[in-house]
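Visitor: Chains as they are written, first to last, in my numbering: chain A, 1 to 369; chain B, 370 to 719.
Please keep in mind that the hints were generated in silico from the structure rather than gathered at the bench.
Note that CB positions come from ideal geometry on N, CA and C, so glycine has one too.
Incorrect hints may have been included.
[Unchecked claim] Chain B regions said to be covered by chain A (calculated; three or more residues, Cβ under 8 Å): (1) 379-393; (2) 412-419; (3) 493-506; (4) 685-691.
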Amino acid sequence: MLSREQAITRLNAYGVPFSEEQWTNETARKDGEFGVFAIIIRIIAGLFILWMVSISIAGFIALIGQESNWQTVTGIIGVLATGFAGWKFRHSYNTLEKQYGFKGLLYLSLLLVGKSCLLVALYGWFDTWPYSSDGGWIVAVIFSAITAVSSLFYRMYLEAFLALLVSIFLLDSALASNFSSVAYPAVIIALVLGMLGLIWRQNRHNLSSVFLYATVLFFGYKLLPHWGQTRLLFSQGEVLGLNFSVSLGVIAFAATLSLYVFLIGGWPKLKSVQHLIVIVGIVILAALSVDGVLLAVALMAMGHVRHDRVLWVIGLIYLPLYLVAFYYTLDATLLTKSYMLMGSGVAILLGRYALSWIVRPSTAEVDHA
Amino acid sequence: MTKNIDFDQPLTDGDIEGLYRDGKIPRAGMQFLKQQTDPRPLWGQWADRLSLVVGATLMLAGVIFFFAFNWKDMAGWQKLGLINLGLVACLVGAVGRGLDHVVGQALAIGASVLVGVFMAVFGQIYQTGADAYQLFMMWSILIFPWVMMSKSLAHWTLWLIVFNLYLITVWVQSVGDGVEIQVALALVGLLAFGLQSQFARTKPNGWLDHNWFSWVWLFYALTCTAFLVGFWAFKLRYGFDFGSDPFDGQYQHLAGLSGLALHLVAYHMAFQHFKNIVSAQIWTLVSAILTSAVFVVVFAEWLLDAGEIGLLFGGLFMAGVVVGIFWGGIKFLNAHKFTTRLARGGANAK
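Same shape as in the complex, but just chain B:
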């Protein structure tokens, strides 16, 4: 089978990507052709953004170090006043620069961080007796309005981290060490992935249309679901319980089942609904590792308990099964079709 190509036509970026993607030219060849068609100067906008991030981070770190050095000599009102000053300065700067600009967004994120710092210092000075989860809860509530307005996925990431910390601390401080909390964490991750991907699809090239956010939160959600399923398999096989489980293990089967269900929901979202290749690859990779680990957990004792012969053939058998699982994952992925839409930055380019 051959295709018709007009070789007098100009070489496009799509041509180069296609040739590399199909394995017809090596990576070095792809890079060479791109240098020919699209020569770049040494310093691009990447250097501009990098210097902004590095400069701002170093300056903020310097300010934090300065206060850390003088902290114990400062009066309470000075500590809170300085933090408030920084907070107000960040907010004024963010409003002045505008939330459509990267500097304005960075200042808004700085303000959100300082809200948490203010609450922590306030609790330290006045010994309010509040639990850590109350701090994270109030922090997530107070910054939520300007997170909504910020038009920044980095700001949403910060909010999600604070919210997840609230869930974890409220669970640990009010309930105990049970694994069931992973269900809620997986749900939050999946919601973040699903909502952002949906909005990005509805409004392409908008501020929500960045793949890194969906990949990070999908990976987070799948880590939680994989942990739940793996733990459940281990429990079914060996009857293992956490000593400090507040429910004496009675909800662990339900948690394992919920983890499996959420894992399948993630499959539906990545493969069927959004048809995003990288999300599907993340799902396949985590699932292959999970299945292999579950197999090893469930069968290792039977296979390896038969002395030298058990070791010899058990090891070979397990290696064969693992090959099958990973290869099955690759074939499973290949059996699906994915969309070729480019997100901003072209990160999910096919």
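Bound-form chain A, shown alone:
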């Protein structure tokens, strides 16, 4: 049994600063400042305001007669707005409590306006657009650098999540238009290592959860089947056919097995029949190239172990998408698909039945479901 005092010590050792004084401090967030609602209402308010202010900026540019030089004006507004709001979030509004206040909402909106202006101005300066092959990648790299620097300079996780998502998708579209498949292994390895690093570092900082969720969302999107082939890096209709090789299969299996062993708590636990059945299932799914389903189930399992409901829900959303996309894009007749569907359904139900005899969930486990 963990005492409250021990909990504080372990939290500190884990990298989360917390003390008895903070615990005894009589502060409480109100209902409008907590949970998913607080996030959704601020994002929607911010986007509404962004829309209105965009109209205002268009009027301002027309009023000062700088239509031909709109990029510079928009860029200056972007730098000023981002700089001011970023400064505020670094120095005065660096706690969740303050960020959820009225001025916090204003500065969040200002930040959204500033970043949007910067992005539009960048595209104007370089005279390009996201999927353009002429210099679109320069804008993607500059904007991603701005996002990275911003994340180090201040902590505002709502804006960071949106900026990160935009940066990742811009980089993706830029790479799709400008680079050959040479970049593929490097990017995938970087993504996987980045994700593992984020899971590791998530303990220490608020924003690392944001990075993890954004990366997972993007990675899940890239694994959606594209007419029978894995889309992975290229989003512009270009697909990358990976030829299976024994060495690649062995490396992938070893990596997956190591991750699985890490999640279940060590090699000795692998001896149970339950885990062996699961590993056989993983191998079958991998052999069928249903990598998206594997990712979705892995996210749900990780979310369950880590008490991370967001990760679990992301897996739950992606799972039916992968299943539908897999069967829909399968190059087979309706009859073959029907046999495959029935076969896989029966296999899953039989596997479940077998596992239910091997592993009986305890009462505590039922309560956690």
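Following the hints, position chain B against chain A.
Guide: Then chain B, alone, in the frame of chain A:
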């Protein structure tokens, strides 16, 4: 202000939730503490239920695909016979497994779906000439008895969807494209929300005590009321009418007023009667979006028609008003008190 806490006492789940809720520890810290006090194995009951749902869905989809492939080569009696066979198998399985068990409930839902499939195929083979609304009406009537017995909110959701489809099709096929039907749809959604919440309160931890059902139907009802009010505002401002409105717009004011009234009834239910925080948050969110949209609809033309200056100051003014509306919504929510009762699954935990 400080509170007295005995730090030698064991750390509870309530402590962790409270610390996270009050913003004293980040999400990662909350998750870390939960892993310390309540370590979970990789595969929980979630995996058991997920494999049941996925396995059953894939198998059913396979059966449907198989019949779809062979459909045109099958005789009428074969088609109806097979569907009936599936229906009877589902019912026998549901009775055998019992409606208290999740498998029995899933089979009962399967039987309800097959009733609709049977009626659609019957109409296709014998060309009964029945309208679509008659199919949905008979479907909702025929499955109602075992929906009543099923003890499953998923089954009630299916029934409500079929009933709503009946209302929509009877309106479109017998009356026309008027927006007035949204009043009835909102009413159905509010009734579903209200009755389920009331029963859940009367019998806590029973099969009716699941928040997802009330949230889904409240959100549905509020979408209908928001549409009615938004449409009404648009009509008042610009005199807009649907070209195919069967009543030439004469009931649209009444429909808008009814939508507003139902929106206020939803407020009373969420904030005053059930005092459910998530329901209140849904109401606040929809209301903030609705009010902002109505403001933009009503004032946009006046503000933005004044050239560059209109754009500059109109945009800023509207942004300011939208900030005020959303912030007002948050403060409005904070001004209310809510109950802390946990529904089954703890979904409305405060």
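Visitor: So which of the earlier hints does this model not fit?
Guide: 3
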